[in-house]
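Q: Sequence:
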Amino acid sequence: MKKNPQTKARQKRVLALVKTKFPRRRKGWGLIVLPFLCCLPLLSNANYTRHHPEMNKLSMSESPTNDTKKETIVIRGIVKDKEGTPLPGVTILIKGSTVGVSTDVKGEYVMNVEKRDSLVLSFSFVGMKTKEVKWTGQQTLNVVLEEDVSEVEEVVVIGYGTTTKKDLTGSVASFDSQIIEESTATSVAHMMQGQIPGLSILAGDGAPGSPARLEIRGVPSLSGATSPLIVVDNVPMTSDFDINELNPDDIQSIDILKGASSAAIYGSRAAAGVIMIMTKGGRRDQKPVINYSYDYSITSLVSDVNTLTTDEFKMLVMEAVRNGAKAEGYDDITKYSKYATFAASDFFGEANTPWMKYIMRDGSKQQHKVSIRGGGSSFGYNASLGYTDELGQVKGTNYERYTYDIGFNADINKWIRATVKVSGTLSDRLSNNAGLSTAAKARPDIKAYNDDGSLYLHSYLYSGRTYYVVNPIIEMEENTTESEDHNVRLTGNLEFRILPELNLITQYTYQTRKGERYAYQSSRTQAGSGYWGDQKGFGRKTHSKTDSKELEIRLSYMKDFGENHKLTAMLASNYNDEEQEYYTLSMTDFPDDYVQNAIWQGANPYKYGAVNGSASGSVLLSFVGRIEYKFMDRYLVTGTIRSDGSSKFSPKYRWGTFPSFAAAWIVSEENFLKDSQGLSFLKIRAGWGKTGNGWVGEYGWRTLYSSTDYQNMPATIPSQIGNNELKWESTKQYDLGLDFGFLKNQRIRGSLGFYKKTTKGLLYPFTMALSTGMESTSVNFANIENKGVEFDISATIIQNKDWNWSFGFNIGKNKNKITGLDAEYISAPGQTYLSNTVIREGESLGLIYGFETDGVFRSQAEIDYYESLNPDYQYQEQYSYRKTIPGDLKFVDQDGDGRVNKVYGNHEDKIVLGCSRPDFEGGFNTRLSWKGLTLSVQGTFSYGAQKAWTAEANQFCFASTGTANVLDVALKRWTPENPDSNYPCVRLDFYNNDFTDFSVYNASYLKIQNVNLEYRFPKYIVDKTKIFGNISVFASANNVYTFTSYPGPSPESWSSDAIQGASVDTEAYPKTRTFNFGVKVTIK
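Residue numbering for the sequence shown follows UniProt numbering, beginning at 1 and increasing consecutively.
Accuracy of the hints is not assured; some may be wrong.
Unchecked claim - Quick list of simulated restraints, FRET-style, between CB atoms:
1) Phe631 <-> Ser97: 33 to 43 Å
2) Glu484 <-> Ile1027: 30 to 40 Å
3) Phe631 <-> Glu114: 43 to 53 Å
4) Glu114 <-> Phe672: 47 to 57 Å
5) Ser676 <-> Glu501: 32 to 42 Å
6) Ser676 <-> Pro1018: 37 to 47 Å
These are calculated hints, taken from the structure and not from any lab test. Heads up, the beta-carbon is just placed ideally off N, CA and C, and yes, glycines get one too.
All chains should be built: construct the whole structure from the sequences, respecting the hints.
A: What follows is the structure, given as structure tokens:
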């Protein structure tokens, strides 16, 4: 279908408006100068372009002029959008004529017309529905225009440029801009969770400031490159960037490059996909607009931590002692060596201390966010500041953060535009997991305080040595870690308009990330005392810093050739230089727990090694090209190529080339479908691309040496064997997709996509044999395949003057499989063992590996039968002095030799117990609004994953020394009085705590992530204030409720280890539920 010149011109105006979005950066001193910068635009009102109505007239007459002077009248008013923002450049015409004017930068217009009783005025503006209003004599006529969804094509950021959603050829998902605008989520990860097919987000634990794990279309690597590349305002972030550092209110758009044909533009950085984030920039031709929001949150535990009371604790400990005596063959318990310790009159106390209440509190969080945006005819500016103060539910855990973002763009002349942005984050986190973990294990029979109010420290004798029982309050108050982080990003950009269709862009970005950690454990804490009381405190300072400098030069070309041909091309070169430094200082034996100076004078620096650290650097040089061609607005092809050269590889394998190709056919533009009333949009797309991964140490291909001492003499030893054959990981991906829309304005729209990606030469640091004297070396170890299907759909169910109801749903399935293992680095044919997981050729990552059980032994007769299977060995007990007793877990003999070999390192009787990869996962959202009242709900779900709650296995055993409390699940144990229980009996010395399927559970869940209710005050009320443009109040709940059968803290828990992933629940901090209350205002 041919497009007339007027339509093409209007589209170009839309794209020109989109290009006013510019990046944001951060810097610490911005907190000081920000208020002054915010005031500068207020002083520059004289520079705003003001058009006199006479200059805005499109035509001054309706008919040939004559000398007869006719009487005229004046009509004036202001035109705004539904948000109350004035619209400059709106065309106002008298219907049926060419007489008209346009609004000025304040959205105001003045119109002189021939006097008459009535007339009809037509108001039109690009991206808005044209509105006709009848004038009946009033002097002021104000109008509100609504967005025209059918006309404004959604703009998508694709890396080194933008395109429209209609013209996309690759697999790209865009996050709903309305959700971004209305979200009250406390972090970006929470806002996005479950809303994009193929993007898996595990939100982490409930600790203040905790990071999230992001994964696009499965795990593409075994190294650190399992998280997608995050690009903010066209600047790739460093590898340690956390998406939650961003202020959600600063975000304009989020686009996810999932397919290789779209992500290949970032080459070796994009194996795990790319998340493109654009922040809000300055707005030209607009008076200063100030937005402010405040919200206050209270938090509560999702589930309580219930432990044994004193009576229950005493009962189960003595029961464990009796079972221990029975296992070692003592009919007379008094002859059991460990009995005397527990039977001593002073072993148990008489208190009933609720330790969890002592270390828990009501959590809270408050956030302030303020921004100012505006600009004149040739410049735009923005400045924003965010402040977060969070008190965790565990005492001694706090999080404080400042975010800032300052930007300015200006036309130096009609050929050159300049942009400068600085943004950053300052955060201070106080963490203490020791208090929480020790409180859950603390003996309830021990008192917390002495009679004089001082903290009580209990001790007892065992085998002639004094042991101290941990006091969780001491651990909470005197075992702390403070983390200070300062992250800054500064970008300067010059855009040269060489020709109308040719632009040259140069951009320089400097990023620095600095972290300081201060940890101190007093001499009264468990670790600070050396566990045996022979150490006086332990302290550690850690410093880390990453500096990244990147220079980009880019040429972009866009030209239409006739009516049917459109060509877009881009060439770019990138140079990235990254340097890292890290060191730690550790000391013990402080003269005083409370007086420590900057250099920790008097402490002993040698007990754990005083100082260690490293410094490294790497360079990445890249050349990029892309060509896009569109024929007849319906046939589209895109080709890209990128070549990366990295100093992390030897000269032989330094360069990697990453091409891609994609094509799309907009079927709905064909004549046989263009007049369809039901199917309003249909596009078929296919693509192929190649990406890479160079996530290895900076000097992985070189042999490294480190200094040490030998017999009091300095020495140098090899610490790493170099690997000259180390290569890039290489990922090839195929995509096939279908985008569709039904009804007018695509009130129902969605997509269906299929993909397959294969990665070869997975990088992994393999542990070396102890005889080599070295820890590890990097190797290309395995191949992996990910394939899957994704589907999403959204619908506007009701849309009229007062009511609006929309709904969105997405679901994705990913199948992950190891397709090859290097025989040199595997533990057994076709597989390699790594702790409680296994990598097995032909199967998925995330396999949970351990012993299979068949319930518990119900009787001695059953035990005797199994013991008779192999007379040379005990069936499942590896120590000859200890026997299996009724109530013990019954392990399954997998190799049929009549015994279960539980000796460490043996795998004959271990099997795969489950897989942590879900069968499918997705999310949903719905939004219902009536006039100014809006209710929105977001949710997420996952089905088919298994997870090991390893802590549960430890709840049925008590240590002989340092006896700890356990969760009340231990009350379900097997006893002769409870013979049908599937839980084991309680034992001493960690007998029934092997890694088994006993603690592996279905981790499927359905979670209501967010519920938000917002009320926006009517415009006529707000206008009466003469100050505000908008006022709204809201109440919301986050992490509302999770429907799951998983009994552990959270089915979403995860590990930073790519192989272990979400297979093991290791979370120490409890999940929290948040209730928010807040207000948003716009000052015009």
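Q: All hints are to be evaluated individually against the structure, with a verdict given for each.
A: Results for each hint:
For the pair phenylalanine 631 and serine 97, the supplied restraint of 33 to 43 Å holds, since their beta-carbon distance comes to about 39 Å. Taken as a hint, the range 30 to 40 Å holds for the pair glutamate 484 and isoleucine 1027, whose Cβ atoms sit roughly 38 Å apart. A C-beta distance of roughly 49 Å is found between phenylalanine 631 and glutamate 114, which places it inside the suggested range of 43 to 53 Å. For the pair glutamate 114 and phenylalanine 672, the supplied restraint of 47 to 57 Å holds, since their beta-carbon distance comes to about 49 Å.
Between serine 676 and glutamate 501 the beta carbons are some 35 Å apart, a value that agrees with the proposed interval 32 to 42 Å. Taking 37 to 47 Å as the suggested C-beta distance range, the pair serine 676 and proline 1018 conforms, at roughly 40 Å.
When each numbered hint is compared with the structure, no violation occurs for any of them.
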